[in-house]
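Here are the chains, one letter per residue:
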Amino acid sequence: MAIKIALAGNPNCGKTTLFNALTGSNQFVGNWPGVTVEKKEGKLKGHKDVVIMDLPGIYSLSPYTLEEVVARNYLIGERPDAILNIVDGTNLERNLYLSTQLLELGIPVVMAVNMMDIVEKNGDKIDIKTLGKKLGCEVVQISALKGTGVMDAAEKAVKAAAAKKFAPVHSFHADVETALSQIEAMLGSEIPEEQKRFYAIKLFERDDKIGSQMKTVPNVESIITEAETSMDDDSESIITNERYNYISSIIGSCYTKKNKGGMTISDKIDRIVTNRILALPIFAVIMFIVYYVSVTTVGGIATDWANDGVFGDGWHLFGIGSAAAEDADGEYSDAMNAVMAFVEASGDDALIEAMDDESEEYDPEAAQAALDAFAATVSEDATADYTLEDEETLATEDVTYTGADFADGVAVVEEYGLEAPDPADYGVWIPGIPALLENVLGGTPDWLHGLIMDGIVAGVGAVLGFVPQILILFIFLAFLEGCGYMARIAFIMDRIFRKFGLSGKSFIPMLIGSGCGIPGIMASRTIESDRDRKLTIMTTTFIPCGAKLPFIAMVAGAIFNGAAWVAPSTYFMGIAAIICSGIILKKTKLFVGDPAPFVMELPAYHLPTVGSVLRSMWERGWSFIKKAGTIILLSTIVIWFMTYFGWVDGSFVMLAEDQIEYSILGRFGNLISWLFAPQGWGNWQAAVASITGLVAKENIVGTLGILYSTGDASVYQNISAAFPSMIAGYSFLAFNLLCAPCFAAMGAIKREMNSAKWFWTAVGYQCGFAYLVSMCIYQLGTAITGGGFGIFTIISVLVVIGFIYLLFRPYKESTTLKANVKVAK
Amino acid sequence: MQTLKDAKVGSTVAVVKLHGEGAVKRRIMDMGLTKGTQVYIRKVAPLGDPVEVTVRGYELSLRKADAELIEVQ
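First to last, the sequence lines map onto chains W and Z.
Residues in the first sequence are numbered consecutively from 1, following UniProt numbering.
Residues in the second sequence are numbered consecutively from 1, following UniProt numbering.
It should be emphasised that the hints constitute simulated quantities derived from the structure, not laboratory data.
Simulated crosslink set (DSS-like; lysine-lysine; CA at most 30 Å straight-line):
1) Z:35 x W:257
2) W:125 x Z:35
3) Z:43 x W:499
4) Z:35 x W:133
Please model the complete structure; the sequences and the hints are all you need to start from.
See below:
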């Protein structure tokens with residue numbers, strides 16, 4: 001049978017580094033059943049039959065935080081063969097507090113004192129031998145970072161496991177000892193002798209979770225009360241005090257500190273970084289750098305490269321030739337606009353058809369002949385009006401070209417042979433995956449071609465396209481966490497965020513979320529408190545991300561005549577949604593059960609190693625691909641199928657892109673459009689566009705573009721006509737910005753929540769919230785502007801009243817952990 | 001009654017008693033703030049809350065609302 005060794009220690013004591021050093025790449029990462037606490041185990045290097053279980057970093061075995069309950073249930077329930085207790089030598093006193101509890105469990109303990117190199121550098125001394133003698137367990141000194149002594153520590157733990165030697169238990173104050181031995185005597189034979197001390201102490205502390213581990217719980221209340229009266233304190237405090245007293249009594253003889261008043265380098269850094277005046281500017285600069293690099297520049301370029309290059313047409317190797325190709329493309333399309341202005345104004349159908357370069361019969365030579373003939377008839381002082389359409393937002397702009405512009409244009413387009421310049425002709429061009437596959441899929445049937453290109457490749461692209469950006473962000477996060485600044489962010493921002501039930505660390509997910517929600521959600525990983533993390537995941541995507549901007553611009557342009565206030569208002573709406581959701585949700589049953597005391601250690605600053613930063617980056621990036629990939633890929637394929645298949649004249653066929661009204665999706669849109677009548681946009685086009693927005697939010701623009709490009713009017717005019725009022729338009733905007741994000745972001749939510757129940761809770765909350773907000777906007781907005789009053793107006797008023805109640809109702813922070821943690825046997 | 005919340009930045013105080021109950025109280029004690037412990041108040045966060053203290057040789061931050069539970073002298 002394999003030997004199980006549990007690795008236990010405080011947060012920030014180098015436990016992860018030690019675990020990696022002991023197991024190498026031989027790790028399995030999962031979750032503790034039913035909770036979002038990460039569970040890591042691995043095989044000890046060179047020992048196939050030794051499993052190392054990495055417990056969550058904890059300060060105590062109290063019953064109040066999820067991590068602590070998970071760790072103690074594992075230790076009591078699964079009983080590992082030995083505990084390897086890693087202790088931070090630079091912070092010995094507090095670290096030994098957990099050790100005193102581990103030593104009582106009746107499991108052999110080996111203690112590894114870490115960061116001995118720093119202790120020595122500070123001029124302090126720890127007498128390892130005396131410490132071991134006093135504690136009654138094997139103590140070794142290690143440096144997890146440098147890898148010295150780690151294998152020795154592990155091998156000692158293996159030996160201890162085989163020897164089954166338990167530490168003699170330290171004794172507390174005489175009154176406490178009397179009470180504990182009385183309780184021990186009352187424990188039945190179901191509890192093994194070596195564990196009796198642990199159970200007795202927990203019972204003495206009135207621990208509310210220990211009862212569930214025992215068959216019969218003896219009534220010890222009178223013993224506790226007696227001890228409490230004689231010591232004038234509650235039993236939990238008595239034990240804690242006794243532990244620290246015990247530590248103080250042993251530490252004096254084995255720990256000597258060199259200089260008491262001196263400032264370490266870490267102190268000096270901290271004096272500047274969290275200085276009352278400088279802290280906020282420094283924070284702003286660091287956040288700006290993180291955002292600028294991971295979203296705007298490097299990360300943005302990497303994502304564009306992955307999405308438009310690898311999973312698009314292709315890219316220029318190292319950017320060689322891309323500037324030239326862009327210039328050529330710009331020059332050609334400008335010239336073509338001037339030419340087409342006159343061509344379309346001519347009213348000559350044959351000419352217009354010949355010049356249509358999107359037609360399948362387009363022949364550049366015939367076009368040139370037709371254009372030459374036409375050019376001769378255009379005089380220099382003639383003018384023609386033309387409407388330009390922006391590719392991203394479909395916004396239109398009216399331009400007037402002169403005959404001279406036309407002549408110049410003809411010269412340019414003929415220079416290019418009347419064909420748009422191919423980027424492959426410039427620099428070093430590497431075709432994208434779709435372009436490569438296109439060659440292979442030459443003769444395949446349309447449906448297979450579509451499935452592969454628009455379903456699978458697009459889906460895989462949606463998963464992998466975000467990976468470069470996520471990896472870059474994770475380098476920053478790993479560095480900020482590793483060097484100790486992340487804890488200071490919580491310290492600096494706590495005052496603002498805790499009012500909404502969030503952590504100071506929620507700032508980073510929200511900031512990154514304004515660029516892209518996926519890395520934003522993934523960034524919530526740095527928040528320790530389970531409640532704060534879940535709330536952050538649920539609310540981060542309310543902030544408009546980059547992909548929502550074209551959609552916002554389209555609504556602003558089409559329905560609000562390009563009003564400048566629309567875009568900023570969506571950010572305020574997003575922030576308001578986060579604040580209100582935070583306050584409302586933290587008071588609901590979902591969250592009220594979890595106490596979140598903010599008593600946080602501020603670890604000393606130190607430079608993390610390159611290896612640990614890269615390792616953390618890779619683990620998180622990989623888990624996104626693995627855990628989020630499936631849902632993104634599947635949903636992209638489903639939406640592709642629904643968009644491209646449908647019924648035409650009674651038969652089920654594959655459709656072209658512009659036949660979306662016949663598709664399954666179109667039918668479905670028709671079926672559910674009544675749902676959005678209270679929102680003021682109960683038409684199937686809007687419903688369908690909202691669904692395609694789930695693939696990627698910018699798709700809403702494209703879908704509306706296809707659905708509304710009918711008749712002579714522009715897309716914008718048609719959209720404007722389809723929405724009864726500006727209020728309905730804003731309601732549509734609000735719904736799509738607040739409802740469930742794109743599939744890729746939903747995949748990230750699923751990964752971070754790591755529970756189907758919480759995933760659906762998050763997505764359901766977002767959709768429900770969006771539905772009610774957009775309804776209230778339309779109904780109340782319409783009523784206020786005198787547009788009528790109906791049943792939904794009354795419902796909306798009730799919703800607003802309920803909302804205000806939820807926002808201001810009194811609430812009390814819980815003092816016990818309600819969550820139930822099970823340990824699989 | 002003087003609490004840790006009112007203690008001046010730069011001063012060193014000793015813990016007399018802990019008030020409150022449950023998770024917050026236990027957490028404060030677990031982190032080493034027990035009876036008789038010396039606490040040095042290092043600084044207050046830029047926005048006025050939380051505070052940073054040195055206890056048992058390391059830095060700890062806690063909110064003023066929680067610091068109010070700690071009676072000191």
